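Undergrad: Residues per chain are reported as follows:
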Amino acid sequence: MAETTESTQTAPTHPGKVPAPSPGTDGGDVGGEFLSQGQLVRRRFLRHRAAMTALTVLVLYVLFVYIAPFFLGYSLTDLDAGSYEDPSPAHVFGTDQVGADVFSLVMRGSQYSLQIGVLTTVIATVIGVLMGTFAGYLRRGTDAAVSRVTDLFLVVPLQAAAAVLIAGVGGSWWLVGLVLGFFLWTPIARVTRAEALALAQREFIEAARASGATTWRIVTKHLVPNMIGTIVVNATLTLALAVLTEAALSFIGLGVQIPDTSLGLVLNQNYTQLATRPWLFWAPFVAIVLISLTINFIGDGLRDAFDPRQTRR
Amino acid sequence: MAAYIVRRVLISIGVLLVASFLLYLMVGLSGDPLAALKARPGITQATIDATARSLGLDQPILVRYWTWFTGVLSGDWGTSVALGQARAEVLPSVGNALWVTIRLVVIAELLALLIGGAVGAIAALRQYSITDYVATTLAFVLFAMPVFCIGIILKVYGIELNLLLIDLGLDRWLTTAGPPAGGFTGSPGEVFFKFTGAYVLPTIALAAISFAAYSRFQRASMLETMRSDYVRTARAKGLTERQVVLRHALRNALLPVTTYFAYNFGAVFGGAIVTEQVFGWNGMGSLLVRSIQQYDPNMLMGWLIVTATIVILFNLLADITYSYLDPRIRLG
Numbered sequence: 001m002a003e004t005t006e007s008t009q010t011a012p013t014h015p016g017k018v019p020a021p022s023p024g025t026d027g028g029d030v031g032g033e034f035l036s037q038g039q040l041v042r043r044r045f046l047r048h049r050a051a052m053t054a055l056t057v058l059v060l061y062v063l064f065v066y067i068a069p070f071f072l073g074y075s076l077t078d079l080d081a082g083s084y085e086d087p088s089p090a091h092v093f094g095t096d097q098v099g100a101d102v103f104s105l106v107m108r109g110s111q112y113s114l115q116i117g118v119l120t121t122v123i124a125t126v127i128g129v130l131m132g133t134f135a136g137y138l139r140r141g142t143d144a145a146v147s148r149v150t151d152l153f154l155v156v157p158l159q160a161a162a163a164v165l166i167a168g169v170g171g172s173w174w175l176v177g178l179v180l181g182f183f184l185w186t187p188i189a190r191v192t193r194a195e196a197l198a199l200a201q202r203e204f205i206e207a208a209r210a211s212g213a214t215t216w217r218i219v220t221k222h223l224v225p226n227m228i229g230t231i232v233v234n235a236t237l238t239l240a241l242a243v244l245t246e247a248a249l250s251f252i253g254l255g256v257q258i259p260d261t262s263l264g265l266v267l268n269q270n271y272t273q274l275a276t277r278p279w280l281f282w283a284p285f286v287a288i289v290l291i292s293l294t295i296n297f298i299g300d301g302l303r304d305a306f307d308p309r310q311t312r313r
Numbered sequence: 001m002a003a004y005i006v007r008r009v010l011i012s013i014g015v016l017l018v019a020s021f022l023l024y025l026m027v028g029l030s031g032d033p034l035a036a037l038k039a040r041p042g043i044t045q046a047t048i049d050a051t052a053r054s055l056g057l058d059q060p061i062l063v064r065y066w067t068w069f070t071g072v073l074s075g076d077w078g079t080s081v082a083l084g085q086a087r088a089e090v091l092p093s094v095g096n097a098l099w100v101t102i103r104l105v106v107i108a109e110l111l112a113l114l115i116g117g118a119v120g121a122i123a124a125l126r127q128y129s130i131t132d133y134v135a136t137t138l139a140f141v142l143f144a145m146p147v148f149c150i151g152i153i154l155k156v157y158g159i160e161l162n163l164l165l166i167d168l169g170l171d172r173w174l175t176t177a178g179p180p181a182g183g184f185t186g187s188p189g190e191v192f193f194k195f196t197g198a199y200v201l202p203t204i205a206l207a208a209i210s211f212a213a214y215s216r217f218q219r220a221s222m223l224e225t226m227r228s229d230y231v232r233t234a235r236a237k238g239l240t241e242r243q244v245v246l247r248h249a250l251r252n253a254l255l256p257v258t259t260y261f262a263y264n265f266g267a268v269f270g271g272a273i274v275t276e277q278v279f280g281w282n283g284m285g286s287l288l289v290r291s292i293q294q295y296d297p298n299m300l301m302g303w304l305i306v307t308a309t310i311v312i313l314f315n316l317l318a319d320i321t322y323s324y325l326d327p328r329i330r331l332g
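Protein sequences, first through last, are from chains A and B. The working numbering numbers the first residue of the first sequence as 1 and each following residue consecutively. The working numbering numbers the first residue of the second sequence as 1 and each following residue consecutively.
This is chain B alone, in the form it adopts within the complex (with noise of 0.2 Å):
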């Protein structure tokens, strides 16, 4: 076992540096970052290349990954070269924005997940019950959907709510800009009341896309669960249908939306793309799309060191998981 954990994280290593390199690549040989300098009036061609050279954009691009690739290694992760944010350190603002994902996504992942699982073993043990069509047919219209419309339909309406709340003399609910950078204040209740109204329209959006997906994996597991010999041999030696459910089908049941669970895990982590978008916060996602359009190489490598060893060490950790709980599976 050791020894296949050790190979994983070597090959582990050598594919995030193939990663980089590439992306490093593509992302500084798509744009110039300092378009947005030059497009401004006035400006002399000597300040151009004084920020050029302080920024070290005059390097090739192969010795400006060199640079960068050589200073990770000792610890230094670079620094910004996007114009409205020159020189910011990637460490801390990487850091920043995994906290702000981290605290959106965990709460709605489990949400999904818990949620997702009970209705899926629900509606496998009432195959073709009304249950079992509605939450069939609420999954497939939650997959059929783009995922930034759930996020835009929840903000429009929850805008006409907080309206609502206002005519009836209340403060207004809910929010729509991530939560604040200092930290909820106030007293307890209020710290709730915000809290909950920044989270809850992002927490639904995320969880409605990852029920789907649990739901009918649950239900896919459930179902062939049923149906297998063990279970018969339990009803056979005379169990309770309680006890044949909850022992035998849906602890056996429950391994592969597990392992499910823990691959998407990995992947969540960089980022809910188009829901920060849309409610306005600033983590994983958001780092990606602007550092993609602001041309930002070290900014994107300090995105992809962290996503991708997140990515990697989950799909490990599901693999493992996933041996240990199914014996049959051998690692090596």
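Pulled out of the complex, with its shape left as it was, chain A reads as follows (with noise of 0.2 Å):
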């Protein structure tokens, strides 16, 4: 956590409730106790009973997807069975169009579609906390170019730089990501930002001004800890966000294209089956809902533990 919130937390916070004795006195006393700001998040977030199932479940769930198929005893290039077969214990979701085990697609596809997710939040979360938090912090000029900048986001479509790329380079997953990741950072500068215009007017970076730091350091060193529960709620949602984009972009075969693959794809190829291979559509749609679900939730959680107007310890 911070390093400037958490040497400040030693003051009372909430006034009203008795302070602790001395610690070595009494330790049994827990109400009383004052705990760090990241203690306490981290404290409200185990005890957020939906955010830790949803993150018990996530967790099994990757873990699954990467392991699962080494046991499976084939590979996705065995199209030894015919094409569409029905459910049975070797193919448990049946095989698709040209004979491929769909559980183990759904399998690489969740893996690939997580792997998207992470490089798009990662990229994202770096440009919108750096956008947004100079614009905030600086204002006039910097604020104008990077609301430009974000303008022209806003009205350009993200199809049509998928497109481009996909005909230059080829629609490799990390390609589809690094697309993603340079098109979705928009909401995130736009709530670093709020915060950072109302952060910049505190005395702490009054004073780390006046000791002569530089920008940089106060963006990295005081801006930026103190609105980590933005970024961390705000990098969540756009994990849950890039997974579902890039299903959509792979609906309209604008998004991953084969050898690659995602869940995304694999829906896009077998959602015509709906009405007659029911499976072939809810096994890919149900990862992906079971992935950006529990992202969602564990999402919820950390805005719930972040919130300092929580009374919750």
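Treat the hints with care, as some may be off.
[As the list claims (entries may be wrong)] Distance ranges between label pairs, derived from CB positions:
1. B:Q243 <-> A:A275: 32 to 40 Å
2. B:A3 <-> A:T215: 25 to 33 Å
3. B:R126 <-> A:T215: 54 to 62 Å
4. A:E206 <-> B:S129: 41 to 49 Å
5. B:G280 <-> A:V126: 45 to 53 Å
6. B:I166 <-> A:R47: 53 to 61 Å
7. B:Y133 <-> A:L46: 41 to 49 Å
8. A:R139 <-> B:A50: 50 to 58 Å
9. A:R47 <-> B:Y230: 45 to 53 Å
10. B:F195 <-> A:D86: 55 to 63 Å
11. B:E224 <-> A:R217: 33 to 41 Å
These are calculated hints, taken from the structure and not from any lab test. Computed from a predicted structure; not experimentally measured. Every residue, glycine too, gets a C-beta built ideally from N, C-alpha and C.
Assemble the dimeric complex from its two separately framed chains, guided by the hints.
TA: Laid out in structure tokens, this is it:
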């Protein structure tokens, strides 16, 4: 957590609450104990039942999609099975048009969708946080310039950029992650800008500036650590958004291309079978919903945990 | 205020110029609109050259952009260069697509705002009740679904409903090919039947997604308002709970949602890309995808001008509304 907040947390932050006796004299009184911001957040998150359940499910699922394929005994290039076979013990979700095992496809699609999500989130968060904090802290020209760039991304369609890159370089998973990252940073920039605007007026920023800290130092050591809650929550939401946006891009044929794969692509290739072979649609669909639902729940739990107005400890 | 609006509009025109240039290059460079023609058997080089010349494709891309740009300034939006619809005028095509999209999204968005706003407010008033949990779960699940999946599921089960109706000796009700080009015909009853049949599924699909966002937004805003000092004051001075909620809390809690609605509403005219695709509506979303896939820059520029103008206008409108409704916000 932020060093700036942690060091200031020794003063009572809850007026009206009786401070605990000095440490060592009575260790058992949890109710009046003072916790650092980080400890508070961690504790609130661990006690958030929905978020912890979601986190457990997601972690187990991630482990499953990376480990299970090793025990299946056949690879995706193994196309001995017939086209559109019904589910059987050998092929739990049946096979698709070319005879590939749909269970393996969903596993691999999940891996790639998660990788796309993580790559997108990292890029979008770094760009968004830098753009947002600099705009909010420096204001004037920087703010105007950043807001023009944001406007530009508001009107230029993501689909066009995806089409250009796919035509030029091909549709590998990391390319789609890259495109999404370069388009999904604007919400993060907007919230971090708003927070930087407010924080910039605070005394500790003034103090840092008075003691000669450079802009870069103020941004990285004072502003960003103090808005870590906002950043973490929005990064989480971006992760879910990336998985869903990738699926939508794949649906119109502008997402990941064969031979690479993703849940969106698996869904796109099989959704026409919903009426006759529903499992071909539901298997990748449930995988996408599982991933984005658990991530959203985790994000919600994080938001509650970071919320300073929360009284729950 | 007037100076503020003028400045915003001027800035927006600048943004639009840069966007059009970038987009023109992106699409112009991403592929060859004549690829389909060249792939035809027995086509001669002379034919290809002649087609390219007549469509202006023999010119370098910067020259083509300039031709388009000067054309737009004099009111000529250019023609399509895509093979199937070569020389189709851009302006009427975009106009038609916009009209289709408007009819589709306006109903869906208003419906989503009304239902979402009401559900969100009720969920907040009864926080942690069954109603709240159901509304929250529903919103979370809708949020987690890829947009097109709602459409596909509705479409497939809609067809089953049609089959059921036919079994019962009735006409098929739901159609999934968009509204007919000539409008709905027949007696008023038939028109209503056909109209609802064409609209109900895409409207539900679109409204469901927006509903999730609006209800969550309204719930958060309402929760915050109910904890505010002026609500406590209203209660303290002895107002009935009904007056407190309807006159004091709800009116203030609607503010953020209305603004969000205005921003969202602008973006929605870009076309419900996947929903249009699923239900076969030839709206702005389909126009966008088609012009990207056919490397048709002029058509795409038409889409961009219309969409960007609406997005920018609605954003401006949202900011002005917000400053009008909330006197603490000053624009300038």
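Undergrad: Give a verdict on every hint.
TA: Okay, the hints, checked on the actual structure:
1. B:Q243 <-> A:A275: 32 to 40 Å: violated, 53 Å
2. B:A3 <-> A:T215: 25 to 33 Å: holds, 31 Å
3. B:R126 <-> A:T215: 54 to 62 Å: Distance hint for B:R126, A:T215 is violated at roughly 48 Å.
4. A:E206 <-> B:S129: 41 to 49 Å: holds, 46 Å
5. B:G280 <-> A:V126: 45 to 53 Å: violated, 40 Å
6. B:I166 <-> A:R47: 53 to 61 Å: Between B:I166 and A:R47, where Cβ atoms are some 55 Å apart, the hint holds.
7. B:Y133 <-> A:L46: 41 to 49 Å: violated, 22 Å
8. A:R139 <-> B:A50: 50 to 58 Å: Given range 50 to 58 Å: holds, Cβ gap about 57 Å.
9. A:R47 <-> B:Y230: 45 to 53 Å: violated, 32 Å
10. B:F195 <-> A:D86: 55 to 63 Å: Since B:F195 and A:D86 have Cβ atoms about 40 Å apart, the given range 55 to 63 Å is violated.
11. B:E224 <-> A:R217: 33 to 41 Å: holds, 34 Å
In this structure, the earlier hints numbered 1, 3, 5, 7, 9, 10 are contradicted, and the remaining ones agree with it.
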